[in-house]
Amino acid sequence: MSEQKAVEPGKETTTGEEAVDLIESTLDTFLSTANVYAAYGEPIEKGDTLIIPSAEVFSVMGFGVGMGYGGNDEEGGGAGSGGGGGGRAFSRPVAVIVASPDGVRVDPVVDVTKVALAALTAGAFMTGMFLRLLNPKKALKDMQEGNFD
Amino acid sequence: MPDFVRIETHSTHPINHQGRRLVAFAQSVSLQIPGLPFGLVWNRPVSLLVVDSDGQEQIFPIKDPTRLIILGLACGILFTWLITRKINRS
Numbered sequence: 001m002s003e004q005k006a007v008e009p010g011k012e013t014t015t016g017e018e019a020v021d022l023i024e025s026t027l028d029t030f031l032s033t034a035n036v037y038a039a040y041g042e043p044i045e046k047g048d049t050l051i052i053p054s055a056e057v058f059s060v061m062g063f064g065v066g067m068g069y070g071g072n073d074e075e076g077g078g079a080g081s082g083g084g085g086g087g088r089a090f091s092r093p094v095a096v097i098v099a100s101p102d103g104v105r106v107d108p109v110v111d112v113t114k115v116a117l118a119a120l121t122a123g124a125f126m127t128g129m130f131l132r133l134l135n136p137k138k139a140l141k142d143m144q145e146g147n148f149d
Numbered sequence: 150m151p152d153f154v155r156i157e158t159h160s161t162h163p164i165n166h167q168g169r170r171l172v173a174f175a176q177s178v179s180l181q182i183p184g185l186p187f188g189l190v191w192n193r194p195v196s197l198l199v200v201d202s203d204g205q206e207q208i209f210p211i212k213d214p215t216r217l218i219i220l221g222l223a224c225g226i227l228f229t230w231l232i233t234r235k236i237n238r239s
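Protein sequences appear in the order of chains V and Z.
So the first sequence is numbered by the numbering used here: it starts at 1 and just counts up by one.
So the second sequence is numbered by the numbering used here: it starts at 150 and just counts up by one.
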């Protein structure tokens, strides 16, 4: 978003201040999401059983704003400002709380997809590192250089 | 702890069910460096407090097996890197 207008002598532009105020209020609203109801969902009641889902939520947000002035009164001058921002929220189920006449229990939730991806990445990385140790080109180079250690 | 990092523990309103009272706790870590238009918030469930009709209290910790497994894999990567580096140097 951006806007451009002629600078009138004696009049100050408040576009930059408004942008900063907007950023601060948006950040305050964003930081207010640090509360318990972001981690726990609405309880679900089915018969005698109560289920409360829980999740881990990670949110990040950033903004940027800039403004500039140019020219002089004789040439008309000019001012411009712009800004932008973005954010992302990640959530992952952690556990389910089940309250029944038999008692209360916490059932953990394993994110199989995430674990599988992490295991594949870790496995590939470790395999690559071990293969570097067994590198035949490196061994041949060492032999040619007389390095038999 | 620096002022721009806030670690707080919050609790839900008590939930009454079948004569029991349940209170869930969550921990939040928020980061907002003054002067920088950047913010970060991390919420995670921590524990559950159950108060029975006879007043007996029980605390159930909420464990995150996914994060434990991923941390274990990360430690494995780090350990492998250190070992291979040591072998390469020797």
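Calculated from the structure, these hints are not laboratory results.
It should be emphasised that the depicted structure is a prediction, and the values quoted were computed from it without experimental measurement.
Treat the hints with caution; some may be incorrect.
Covered stretches of chain Z (chain V as the covering partner; in silico rule of three or more C-beta atoms under 8 angstroms from a C-beta of chain V) [said to hold, decoys possible]: (1) 152-166; (2) 172-182; (3) 189-198; (4) 213-219; (5) 226-238.
The C-beta atom is built at its ideal place from N, Cα and C for all residues, glycine as well.
Here is what the structure says about each hint:
no., hint, result
1, 152-166, "holds (count 7)"
2, 172-182, "holds (count 7)"
3, 189-198, "holds (count 7)"
4, 213-219, "holds (count 6)"
5, 226-238, "holds (count 6)"
This entry satisfies every hint, going by the numbered hints stated previously.
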